[in-house]
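Model the full assembly from the supplied sequences, consistent with the hints where possible.
In order, the protein sequences belong to chains A and B. Here the working numbering is used: the first sequence runs in plain steps of one and ends on residue 343. Here the working numbering is used: the second sequence runs in plain steps of one and ends on residue 343.
A few of these clues could be false.
Since copy identity is lost for identical chains, a pair holds within one copy or between any two.
[Claimed, not checked] In the SDA-like style, the derived pairs of lysine to any residue whose C-alpha atoms are separated by at most 20 Å in a straight line are:
1) Lys32 x Glu124
2) Lys13 x Asp114
3) Lys143 x Glu11
4) Lys297 x Ser214
These aren't lab readings, by the way, just hints derived from the structure by calculation.
2 protein chains.
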Amino acid sequence: MPENKVVRLAHGGGGSMTQQLIEKIFLPVFGNSVLNRLDDSAFIPWPGTGLAFTTDSFVVKPVFFPGGDIGRLAVCGTVNDLAASGAEPKYISAGFIIEEGFPFDDLRRIAVSMKEAAEEAGVCVAAGDTKVVGKGQCDGLFINTSGIGLVEKEPVTGSGAVPGDAVLVNASLGRHGLAVVTARDELGFSDRISSDVAPLNRLASSVRAECRVHAMRDATRGGIAAVLNEIAVQSGAAIELKESLIPLDEDVKAACALLGFDPLYVANEGVMAFFVAENEAEKALAVMKKNVYGRSAARIGSVLEAPRGRVTLKTILGSHRIVDMPSGEQLPRIC
Amino acid sequence: MPENKVVRLAHGGGGSMTQQLIEKIFLPVFGNSVLNRLDDSAFIPWPGTGLAFTTDSFVVKPVFFPGGDIGRLAVCGTVNDLAASGAEPKYISAGFIIEEGFPFDDLRRIAVSMKEAAEEAGVCVAAGDTKVVGKGQCDGLFINTSGIGLVEKEPVTGSGAVPGDAVLVNASLGRHGLAVVTARDELGFSDRISSDVAPLNRLASSVRAECRVHAMRDATRGGIAAVLNEIAVQSGAAIELKESLIPLDEDVKAACALLGFDPLYVANEGVMAFFVAENEAEKALAVMKKNVYGRSAARIGSVLEAPRGRVTLKTILGSHRIVDMPSGEQLPRIC
Numbered sequence: 009m010p011e012n013k014v015v016r017l018a019h020g021g022g023g024s025m026t027q028q029l030i031e032k033i034f035l036p037v038f039g040n041s042v043l044n045r046l047d048d049s050a051f052i053p054w055p056g057t058g059l060a061f062t063t064d065s066f067v068v069k070p071v072f073f074p075g076g077d078i079g080r081l082a083v084c085g086t087v088n089d090l091a092a093s094g095a096e097p098k099y100i101s102a103g104f105i106i107e108e109g110f111p112f113d114d115l116r117r118i119a120v121s122m123k124e125a126a127e128e129a130g131v132c133v134a135a136g137d138t139k140v141v142g143k144g145q146c147d148g149l150f151i152n153t154s155g156i157g158l159v160e161k162e163p164v165t166g167s168g169a170v171p172g173d174a175v176l177v178n179a180s181l182g183r184h185g186l187a188v189v190t191a192r193d194e195l196g197f198s199d200r201i202s203s204d205v206a207p208l209n210r211l212a213s214s215v216r217a218e219c220r221v222h223a224m225r226d227a228t229r230g231g232i233a234a235v236l237n238e239i240a241v242q243s244g245a246a247i248e249l250k251e252s253l254i255p256l257d258e259d260v261k262a263a264c265a266l267l268g269f270d271p272l273y274v275a276n277e278g279v280m281a282f283f284v285a286e287n288e289a290e291k292a293l294a295v296m297k298k299n300v301y302g303r304s305a306a307r308i309g310s311v312l313e314a315p316r317g318r319v320t321l322k323t324i325l326g327s328h329r330i331v332d333m334p335s336g337e338q339l340p341r342i343c
Numbered sequence: 009m010p011e012n013k014v015v016r017l018a019h020g021g022g023g024s025m026t027q028q029l030i031e032k033i034f035l036p037v038f039g040n041s042v043l044n045r046l047d048d049s050a051f052i053p054w055p056g057t058g059l060a061f062t063t064d065s066f067v068v069k070p071v072f073f074p075g076g077d078i079g080r081l082a083v084c085g086t087v088n089d090l091a092a093s094g095a096e097p098k099y100i101s102a103g104f105i106i107e108e109g110f111p112f113d114d115l116r117r118i119a120v121s122m123k124e125a126a127e128e129a130g131v132c133v134a135a136g137d138t139k140v141v142g143k144g145q146c147d148g149l150f151i152n153t154s155g156i157g158l159v160e161k162e163p164v165t166g167s168g169a170v171p172g173d174a175v176l177v178n179a180s181l182g183r184h185g186l187a188v189v190t191a192r193d194e195l196g197f198s199d200r201i202s203s204d205v206a207p208l209n210r211l212a213s214s215v216r217a218e219c220r221v222h223a224m225r226d227a228t229r230g231g232i233a234a235v236l237n238e239i240a241v242q243s244g245a246a247i248e249l250k251e252s253l254i255p256l257d258e259d260v261k262a263a264c265a266l267l268g269f270d271p272l273y274v275a276n277e278g279v280m281a282f283f284v285a286e287n288e289a290e291k292a293l294a295v296m297k298k299n300v301y302g303r304s305a306a307r308i309g310s311v312l313e314a315p316r317g318r319v320t321l322k323t324i325l326g327s328h329r330i331v332d333m334p335s336g337e338q339l340p341r342i343c
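In structure tokens form, the structure reads like this:
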């Protein structure tokens, strides 16, 4: 079958090819006012109080990696999608698709890891499902988590960033993607990088308690570049990053240099981008730094009027370069 | 690795091996008051009004079969789990795991089928996710749907059946499992059986509007035998079926005879078992027969005091046989 008529790996990368797939296949069919906003969670009108609803499937390979596993990832991913929408995560479901022959011990270890992450986040695993497929019909284990969050305050969307806002992140970039790469034996890394996978709901709600957050989003597939591009487009504004301000750990810098990866495009699982007014930036950073997942919090840029929908990087040498929306993902099956 | 230390296909069949997996691995880890009830949906205390939450992954092979496809199945399965708990299905999510090379045209056809089933059921597809894995890393397409339902009336559980109740079904048994089998080319069936896959929420709510339903559950994996065994155990009662009353279509009877399948154990996707007081049985059947999915509605048995937790069948010849909980599933990847 011709290549342009079938799904390709890059359609799952969270970049512009994923957007194309959604816009070409799913939105024309399913399009409705709830789904069309394309934020991390759906806001559902519900008698009494607002409700956020989200779903995410996890196919990370390998299932265990330094700093986490598919179970912790599945809980944190959904918790963070709810948190990014300004909801308080409350209940999650866990749907397992297991390949015949998968060891019970690994499954138990992954379940325990999910439970620990759920406790840390303060969510209840309320519903589950298990399917088993034959050898070679899936790759070990896939997990879907869907989540329900309570929306008490005004929800946060990706369209609220305004010129003059400061762009903040709670942590250094690129750890998760490189953790998964270094866990894949083929590259023979001796020093393994540990993933940043973490539930960020408490950090997000503490920032929101002190500051008015105009937009926020967790920077997973496609890295910080993808989410900033999404927010620039949704908000109709420009984002300028300063290279000198981007927090990067030494091990990540070294691995990116070696592998030729741009850390702005590497997946994170414990990084949230926050947009707050200039005069609230310092307060927001101070609040984040009190949280275990916010110790490397940093301001990385600003929102400008123009060019609308564009993300640019002011390099250390003073030049500007465009930070495009990634098309696919540098690394498939990162989450 | 020894066979008893790994997941086997039968662990996904919805019978006693699935129960063992859940009781051995998942409940000891995740156990909480919401999850432990093990009904089709979780009841969530929510400010204002009650909320039901459920999740299900679909791995049916092939993805298209007579009478439906994986998309219609994924919507109806979750709609029916919510309906079986006495909730009104409102919102569903759709998580796609797609194998590289899957044709766009098939994906679009499946999405349209989901949309049509959602419209028929009156639910909104509110959230979605797409992951792509490499060739050979999944088998075409897997879909997870999670669902949220509104609980306005008293919820229905599997533990409410009482001696004296009539056991009713809305439709003839075994169509879905045989539809999938006959769609798998290897058996070379010329006459294909069409699946019964259908959203039963309107049928269920119309019965509940007229009668007090003590228990209900949709009879999917493991067939009617599995759900009746679950309800017998949860309710601490006995269920006696009468073979002469079991509604079976001629094509299903013939295929079961040929393949050596017991139709009580074959999966359905449009069959709900209802437990109502004896004096409400006729009314419930009359209500069902007004619905397009209830035309073959029939009473198939009664609830007795003893033997508690057991399901028996009174055969046409007058003897009794035990209808055990299935251990695995006669047919893997039926849903």
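Hint check:
no.	hint	verdict
1	Lys32 x Glu124	between (39 Å within a copy, 18 Å between copies)
2	Lys13 x Asp114	between (37 Å within a copy, 10 Å between copies)
3	Lys143 x Glu11	between (27 Å within a copy, 14 Å between copies)
4	Lys297 x Ser214	within (11 Å within a copy, 56 Å between copies)
Violated hints: none; the structure is consistent with every hint.
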